[in-house]
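Undergrad: Chains A and B supply the protein sequences, listed in that same order. Residue 1 is where the first sequence starts when you use the numbering used here, and the numbers rise one by one after that. Residue 1001 is where the second sequence starts when you use the numbering used here, and the numbers rise one by one after that.
Hints may contain errors.
[Claimed, not checked] Some chain A residues close to chain B (C-beta under 8 angstroms, calculated; not the full set):
1) G37
2) Y163
3) G165
4) T172
5) L187
6) N219
7) M225
8) L322
9) G366
[As the list claims (entries may be wrong)] Only pairs whose alpha carbons sit at most 30 angstroms apart, straight line, appear in this in silico DSS-like list of lysine-lysine:
10) B:K1091 to A:K374
11) B:K1326 to B:K1305
12) A:K403 to A:K65
13) B:K1105 to B:K1170
14) B:K1170 to B:K1148
15) B:K1170 to B:K1143
16) B:K1423 to B:K1527
17) A:K371 to B:K1091
18) B:K1305 to A:K120
19) A:K65 to B:K1091
20) A:K243 to B:K1509
21) B:K1210 to A:K120
22) A:K343 to B:K1688
23) A:K374 to A:K253
24) A:K364 to A:K403
25) A:K343 to B:K1469
26) A:K343 to A:K364
27) B:K1728 to A:K374
28) A:K343 to B:K1423
29) B:K1679 to B:K1728
30) B:K1251 to B:K1170
31) B:K1755 to A:K343
32) B:K1326 to B:K1170
33) A:K120 to A:K420
34) B:K1755 to A:K403
35) B:K1105 to B:K1091
36) A:K120 to B:K1755
37) B:K1143 to A:K120
38) B:K1469 to A:K120
39) B:K1755 to B:K1728
40) A:K120 to B:K1679
By construction, these hints were calculated from the structure, which means they are not laboratory data. All C-beta atoms in this analysis are idealised placements derived from N, C-alpha and C, irrespective of residue type, glycine included.
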Amino acid sequence: MFQLDRRNALKVGAAGAFGVSLSTLLQLQAAEPSTRGKNAIFIFLTGGQAHQDSWDMKPDGGDTKGEFTSIATNNSALRVCEHMPQLAKVADKYTIIRNISHTQGAHSPGQRYLQTGNQKIPSLEYPDYGAVVSKEHASPRGVPNYVLLPSGGSNSASYSSGYLGVAQGPFTALGDPNASNYSVRALATPEGLTLSQIEARQRLLKLVDNRFRSVDIANQEVEGMDKSYQKAFGILQSSAVRKAFDVESEDAKIREQYGRHTFGQSCLLARRPVEAGTRCVSIYNGGWDTHEYNFRDLKSTLLPPWDQGLAALLVDLDQRGLSENTVVWCTGEFGRTPTINDKGAGRDHWPRAMSMLYAGGGIKPGQVIGKTDKTGAQPVGDSYSPDDAAASFYRAIGIDHHKEYYTPDGRPVMIVANGKPIKGLWG
Amino acid sequence: MRSFPLAILCCCLLANVALAAKPKPIDSAARRWSENGKGGSPEYIRHIVPLFSRLGCNNRACHGSFQGQSGFRLSLFGSEPDKDLEELLEKDDDGVRLNIDAPDKSLVLFKPTNEDEHNGGERMAVGSWQHRMFRAWIADGAKYEPGKVAKITRFEVLPREFVADGLDDKVALRAIAYFSDNTVEDVTGLTVFSSNDESIAAVSEDGEIKVARPGDTSIVVRYSGSVTSTQVLVPAKSNGKPYPLTFPHNKIDEFVDAKLRKLNIHPSVLSSDSDFIRRAYLDVIGMLPSADETRTFLEDRSPDKRAVLIDRLLEHPNYAHYWGMKFSDWTGNSKYINNKAILSNWLWQHWIEDKLSRNMPYDEIVYGHVCATSLEGRSREEFLSEVDTILHKASGRYNYDDDKLYARRRTNELYWSNVERRKPETMVLQTANSFLGLRLECAQCHNHPFDRWTQRDFEQFKSFFMAVKFCVAKTGEERQGGGRGYGAESVEPGVGSRYARLIKQVPPKLLGGDEVPFVEGGPDIRKKLWQWMRSPDNPYFAPSFVNRLWHHYFGTGIVDPPDDFNQGNPPSNPQLLSWLADQFIEHKFDIKHVHRLILNSRTYQLSWEPNESNRLDKRNFSHAQLRRMPAEVLIDAISDVTGVENYFGRLPKDHPQRAVGQAMPSLRYGSTRGGYTMKIFGRPDREKTCDCERSNEPSVAQALYLINDQEVLNKLDDRGGRLPMLMKSISVDSELIAELYLTALSRRPTEEELKAHLKHVESAPSRAAGMKNVLWALINVREFVFVH
């Protein structure tokens, strides 16, 4: 990834005035080191998925059991909700953890916890996984390291690259990839500029964009804008990226497999940039906050597209030989209460117990780790924290979760200070 | 280590309560229950519950969680001591929690010492004063007599301000509580300390401050439901240069200077005229000055030209559009108003614009929200006929010229009539946020952790918002199934059947003030609420508004975030804030008066270019912060520079095709007409009661938009645009480039810049193509998108 700091950019800019060509500049960029490592697809079910109505069914839960029955999967140790038939067929491709437990029962702190592996504190904003991956694992030039796909629904989480700064922020593709005319705006411009026109403009810009560079200012917004421009030019000059986001060019049959709904096509759209070299794609899928009508909504709008899209993604990654190098992690911010309330049979927030899915990247698939009590209220025996879950994720993609960064004001912080990888994930 | 002995405390005490009986100092708990201490009877509220907080037992992460922990639940931060005691007296699976006959067999004693395995680890040591105190309370019968509890009358921390003498300087804070039984006790050992910015100063559990780098922050101090804070200032090392000679324009500068001197931060120099005119236009009316306006201003030699410009801008028609947009943000003019959102959003926006263009006093504008009614004293027939007029015109010919009918009303009923807003809990949060700068969300479910608001305070305050009745006001139009406008329901004082009982059970009570009983058919109690808000003694009303203006002009509030006034988030410059609020009150809530004070201050007019000492400063206003233009302002700026306006669709008569002042185009037109651009540049949907909903975070999508979005490229290509016109009238390239600089950046190009552009134009395929690239570059330089 092309990353020049302010002073180097100034030098390059000045050199440009004396006739250093763009191709020389590009060579400079190409000389930047590129790390090799695994990719990640993080699927965040914001609002909090009911664990006992998905991965951790409680047939003996009495009043807390709920309306759904469980079905067998191709893993004899795992039974799942009847509304997850596709995932049931491919249970040999993933591992489920059922004994994650924490205490952050409100959305915002819960989400920040599960998005970063660190509990929220007032004086410091931790970076999302994607931002850390973006920092640690470079992409080919022009390809965004970190892509965010907000795929709708309420209770959507806010994303942040935290102390790593906006330079590690995501490339956000808005809109519904299931829509017929979907395109990521400003990427493809059939009537727009040619590459050489863009390059000519970029050359001119480098010469005249100096007013804020002549002084040493500490302003995150300005710095963020600088980095965003660097990334934007890289993306515009990469045909691979334009193609990756052109989801319509995908084989119609494959599009059907993922399902013609926003979530399914978001899963498909997650695979395409990973193929092009993006290192982390995060899908934020909201609507799981089923305080009211838990069963009605899970059955009709939440589980079916999720089941189809996620199962198709796991199969597709496998068939393309990408799964070995791509970690898929799917979780919400917490589980939901065993008690079913009287608001149209809803379930409320419950961080004491939750389930999550891991696949790919060398994690041993086909396992079920941990268990909870009869009603899914508490783990029985061992339990793990979101810190442990995050540490596991980092281990799977080959990032040392104890690595220390320095915040902009010089404070040392570990990526995940408290967690330990969950050993069972590797068998 | 510096310490502050009780002697100081006694001096303050004498000075402060000279007339009352002299308070009786009591030894601290730490001393009384030390090994050789004289002991005594610990009190449940004064000693035991605060100990739970201090040890972290009643945290959200521990037993304070709603589900409790390991079967034992305490109320969050000790907000419900009665329930906590009940819980303590219950039996646990593991044994007896409180054993009065054999205190040492109490679970609550040997769990926190980790004698029996405790998931939370060791919280106190066996034999520590905490342990002795807790044991003594149990042995004494675990007494709690709610009627006899002495209330805290004052809570303070010493020192109230700590100016560190170098990075090695330390201080131990002392927390002092005064009680209604006329005792005063050092409660440091029972107090929770936390730093608002650990990178500047950290504080230990015992209240010892260690500074880390120059700057300033607050240490928040909590004891038994009381919260206060102390300011820590760490001056920068002197670089040998004396503090520069400054010439204050008004009082603001004196307050700002006083703080900067303490921190040894030097202010930047005054901004240049071209930086000033651009900043003032963008900040006051949300648009760029034209090239002609800039030229005239730069050539003007009169000494008071800045003040004259400020006055002129405050009378500009776009002032009302721009600040109408800000008010719409603050009051939540969102798509959820009712199912006739399009027209409603415009009516609301125009209602505010009407008030702002007449410079109506702020308290009157607030009256128009808080005490809104549909009838406003008219008969129902008159009201319905007005609704029909508005609806008919709107639906029939699809224009909005009769919405002035609504704009001229005294009150804005739409503030209340959103379906979501019929819920009192929504309205109480919205009103507290909009007009008091408070976030009461915490107190909705539990006592506010950083403020004195209890859940009961919240519930009683909420009752004010039950005192309204909604009637469906079906119009002729709607009966026929037509009608694309507002007018679904009317809002009047009273109470609906849903809340009729509740409002009596939980009588309305002002925050920190009196109960205002609701009488059916009696006067509108919302007026009492309004009178309390606008009273000069209200600690939030005037401060929160002047602080919001300040935040607008500086990018950082004196209280920041600007809508989060609480005792744990004190102002960075309290004197400045209270002076501004006093000015606002003295001038009868004249909004433009405050604008004028701020805009004419030297502090506002400082350069954005930092110096060595103030580079990292944001809290103390030593230099102007670079702030990215808000979404709407940026869209208009691109339109103005290219001379090609955005098309937002059909707008109300006389409304320009500008983004600033648009009611809600993104909702009306999906993503095609400005909606996408608004979104990526952070325009809020106004669905959260939080100023943070408007975002300034940069993103790749923004850069892509400016570089290569069809919307921008089309404006550059437009044959009717500014550039083609200027190319005809200005034949000399350097003059044309200079004109473009004045238009986009309100300044002339430097020689170096001019050279680069000329060279580019010469090598371009045509003059037109080259100049188009020049204009593109001026939109894409960082300087363009920032207010500086």
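Undergrad: Take the hints in turn and mark each one as holding or not.
TA: Here's how the hints hold up against the structure:
1. G37: violated (22 angstroms)
2. Y163: violated (10 angstroms)
3. G165: violated (10 angstroms)
4. T172: holds (6 angstroms)
5. L187: Cβ of A:L187 sits 7 angstroms from chain B, so the hint holds.
6. N219: Because about 5 angstroms separates A:N219 from the closest Cβ in chain B, which is inside the 8 angstroms limit, the hint holds.
7. M225: holds (4 angstroms)
8. L322: violated (24 angstroms)
9. G366: violated (32 angstroms)
10. B:K1091 to A:K374: holds (24 angstroms)
11. B:K1326 to B:K1305: holds (27 angstroms)
12. A:K403 to A:K65: violated (43 angstroms)
13. B:K1105 to B:K1170: violated (41 angstroms)
14. B:K1170 to B:K1148: The given pair, whose Cα atoms are some 39 angstroms apart, is violated under the 30 angstroms limit.
15. B:K1170 to B:K1143: violated (39 angstroms)
16. B:K1423 to B:K1527: holds (19 angstroms)
17. A:K371 to B:K1091: holds (28 angstroms)
18. B:K1305 to A:K120: Judged against 30 angstroms, a Cα distance of about 49 angstroms means the pair is violated.
19. A:K65 to B:K1091: holds (29 angstroms)
20. A:K243 to B:K1509: violated (62 angstroms)
21. B:K1210 to A:K120: holds (23 angstroms)
22. A:K343 to B:K1688: holds (24 angstroms)
23. A:K374 to A:K253: violated (42 angstroms)
24. A:K364 to A:K403: Status holds; Cα separation ~25 angstroms.
25. A:K343 to B:K1469: holds (25 angstroms)
26. A:K343 to A:K364: Status violated; Cα separation ~40 angstroms.
27. B:K1728 to A:K374: violated (82 angstroms)
28. A:K343 to B:K1423: With a Cα-Cα distance of about 17 angstroms, the restraint between A:K343 and B:K1423 holds, given a limit of 30 angstroms.
29. B:K1679 to B:K1728: violated (36 angstroms)
30. B:K1251 to B:K1170: violated (33 angstroms)
31. B:K1755 to A:K343: violated (70 angstroms)
32. B:K1326 to B:K1170: violated (44 angstroms)
33. A:K120 to A:K420: holds (18 angstroms)
34. B:K1755 to A:K403: Since the Cα atoms of B:K1755 and A:K403 sit roughly 48 angstroms apart, the hinted pair is violated (cutoff 30 angstroms).
35. B:K1105 to B:K1091: OK: B:K1105 and B:K1091 at ~12 angstroms, within 30 angstroms.
36. A:K120 to B:K1755: violated (51 angstroms)
37. B:K1143 to A:K120: violated (37 angstroms)
38. B:K1469 to A:K120: Violated, at roughly 42 angstroms.
39. B:K1755 to B:K1728: Given pair B:K1755, B:K1728 holds - Cα atoms ~22 angstroms apart, limit 30 angstroms.
40. A:K120 to B:K1679: Holds, at about 27 angstroms.
Violated hints for the displayed structure, listed by number in ascending order: 1, 2, 3, 8, 9, 12, 13, 14, 15, 18, 20, 23, 26, 27, 29, 30, 31, 32, 34, 36, 37 and 38.
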